[in-house]
Amino acid sequence: MSQTTSKTVKAAGKKIAIDIIVGLLCVGVFYVTHYLIPSKASGDYTIISSAATTTAASTSTTNTNTQSTSANTSDTSNSETTEVSTTDVATSTTASKVTDWSEKFADKFTDTVVQTDSSYTSPDVSITIENVTTESGSSQISYYVADIYVADITCFQTALAKDTYGTGYKDTISNMASDNNAILATNGDYYSYSNEGIVIRNGVVYRSAQTDADVCVLYYDGTMKTFSGSEFDIDEAINDGAYQAWTFGPMLLDDSGNAITSFNASKRLQSKNPRTAIGYYEPGHYCLVTVDGRDDDSAGMTLTNLSNLFEELGCTSAYNLDGGKSSVMTYDGTVVNNPVNGGRQSSDCILIKEVTE
Amino acid sequence: MKKILNQIVKLLPHATLILAVIFITFLILDQYNPMMNFVNNDTSMKLLGAFCILTLINSGIVIVKNINLE
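Respectively, the protein sequence lines represent chains H and W.
Residue 14 in full-length UniProt numbering sits at position 14 of the first sequence; the count goes up by one each step and never skips.
Residue 52 in full-length UniProt numbering sits at position 52 of the second sequence; the count goes up by one each step and never skips.
Note that these hints are calculated values from the structure, not bench results.
C-beta atoms are modelled at their ideal positions from N, C-alpha and C, and glycine is treated no differently.
A portion of the hints provided could be inaccurate.
[Stated by the list, open to error] Taking lysine to any residue and the SDA-like style, the derived pairs with C-alpha atoms no more than 20 angstroms apart in a straight line are: (1) W/Lys10 - H/Val22; (2) H/Lys162 - H/Lys15; (3) H/Lys15 - W/His14; (4) H/Lys267 - W/Asn37; (5) H/Lys325 - W/Pro34; (6) H/Lys15 - W/Lys46; (7) W/Lys46 - W/Leu19.
[Stated by the list, open to error] The following residues of chain H were derived to be distant from chain W, with all beta-carbon distances above 12 angstroms: (8) Ser6; (9) Ile47; (10) Lys108; (11) Lys162; (12) Gly166; (13) Ser208; (14) Ser228; (15) Ile234; (16) Glu236; (17) Asp254; (18) Lys267; (19) Gly314; (20) Val336.
[Said to hold, decoys possible] Facing chain H, a subset of chain W residues (Cβ under 10 angstroms, in silico): (21) Pro13; (22) Ala15; (23) Thr16; (24) Leu17; (25) Ile18; (26) Ala20; (27) Val21; (28) Ile22; (29) Phe23; (30) Gln31; (31) Tyr32; (32) Leu47; (33) Thr55; (34) Leu56; (35) Ile67; (36) Asn68.
Starting from the given sequences, assemble the full structure and let the hints guide the process.
Listed below in structure tokens is the structure:
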């Protein structure tokens, strides 16, 4: 009797094991077809022009609230739907100059290009990269802060891997930076790892499917705001002149620019990790932070650490981007930080570049 | 006809088990990387629907079998 039972259990176990393997294979097939095989998305995208924000930008002061109010009250319809390629986008955004902070940050810029191992200044761009190491032993953290001033918002751009919007398109940050003549580049939000979430790049709305995740929007007038998924309104963002929008998060500072302790992210994601984040001081002045992690020399940062860092830096708004192995910062064609296992390819990146008229 | 039906009834638990494995894997992956949206996408929703229908049919079959045994 027991022998028969044992045989039955063995036979059933075999069948269940086969089912489990088939199930896992199905997951593999799903992953490959949905995330790995390059698939170009349809080409009808909304292009956001900078027209509606011109008034706000021309009256811009250091008070960001004043600017956002100006943008909000704008009732000009400033979007159109058309088929574009990412190359077209670069051309159209280059043409739409609505902001000029060259006088405001005159002391940051130089008449000619002056470049060192950790800084770059020109008539339009100023970048200073600082490598900071805090604490010691197993808690040691190494991070890089790129302090950025731009004379024009179009010097702050984003790029898509293989110059194509879709799923499965990936490239290294170094390659994307080199293809786009970027001075500085970091990874973005890895938009292609999901079919949902707001994706606005260089003034083109590629995806408008909202999620619960926090959203970060950089406007043509140079202001940057973070929103919770529930309070974000894509139409309002388009009317206000959204230039870039990322969906990853969470936001790292409250409305007053103070550090926060409660984040819209699971506990697991809040633990020590390599990080990439963007900070905003005022129109034309931003910072990109890359934190090394999962390494003997740097343990990585929790979201609380990162939030405190941006408060210390004096940012008024900050947003966490894709991290982990994706965290890469390049300057002048060289990877600045120490990405985990050399980093990984990403679907998009943030670029600071010279824009020739 | 009865043979085919028997075959389908035999295959149903395997299909349910496979879908259960898929969803357990999706849930684990979702814990590590919710941005990848393994659980909430259109395909997953369709699979979830199929899983529910299969579970209903399987449960019905098991209940009927139990009644017959009693």
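Hint by hint, here is what the structure shows:
| no. | hint | in the structure |
| --- | --- | --- |
| 1 | W/Lys10 - H/Val22 | holds, 16 angstroms |
| 2 | H/Lys162 - H/Lys15 | violated, 44 angstroms |
| 3 | H/Lys15 - W/His14 | holds, 8 angstroms |
| 4 | H/Lys267 - W/Asn37 | holds, 17 angstroms |
| 5 | H/Lys325 - W/Pro34 | holds, 16 angstroms |
| 6 | H/Lys15 - W/Lys46 | violated, 25 angstroms |
| 7 | W/Lys46 - W/Leu19 | holds, 11 angstroms |
| 8 | Ser6 | holds, 21 angstroms |
| 9 | Ile47 | holds, 26 angstroms |
| 10 | Lys108 | holds, 35 angstroms |
| 11 | Lys162 | holds, 20 angstroms |
| 12 | Gly166 | holds, 16 angstroms |
| 13 | Ser208 | holds, 16 angstroms |
| 14 | Ser228 | holds, 15 angstroms |
| 15 | Ile234 | holds, 18 angstroms |
| 16 | Glu236 | holds, 24 angstroms |
| 17 | Asp254 | holds, 23 angstroms |
| 18 | Lys267 | violated, 10 angstroms |
| 19 | Gly314 | holds, 29 angstroms |
| 20 | Val336 | holds, 25 angstroms |
| 21 | Pro13 | holds, 8 angstroms |
| 22 | Ala15 | holds, 9 angstroms |
| 23 | Thr16 | holds, 9 angstroms |
| 24 | Leu17 | holds, 4 angstroms |
| 25 | Ile18 | holds, 4 angstroms |
| 26 | Ala20 | holds, 7 angstroms |
| 27 | Val21 | holds, 3 angstroms |
| 28 | Ile22 | holds, 5 angstroms |
| 29 | Phe23 | holds, 9 angstroms |
| 30 | Gln31 | holds, 6 angstroms |
| 31 | Tyr32 | holds, 7 angstroms |
| 32 | Leu47 | holds, 9 angstroms |
| 33 | Thr55 | violated, 15 angstroms |
| 34 | Leu56 | violated, 19 angstroms |
| 35 | Ile67 | violated, 23 angstroms |
| 36 | Asn68 | violated, 20 angstroms |
Figure legend: structure checked against the earlier numbered hints; hints not met, in rising order: 2, 6, 18, 33, 34, 35 and 36.
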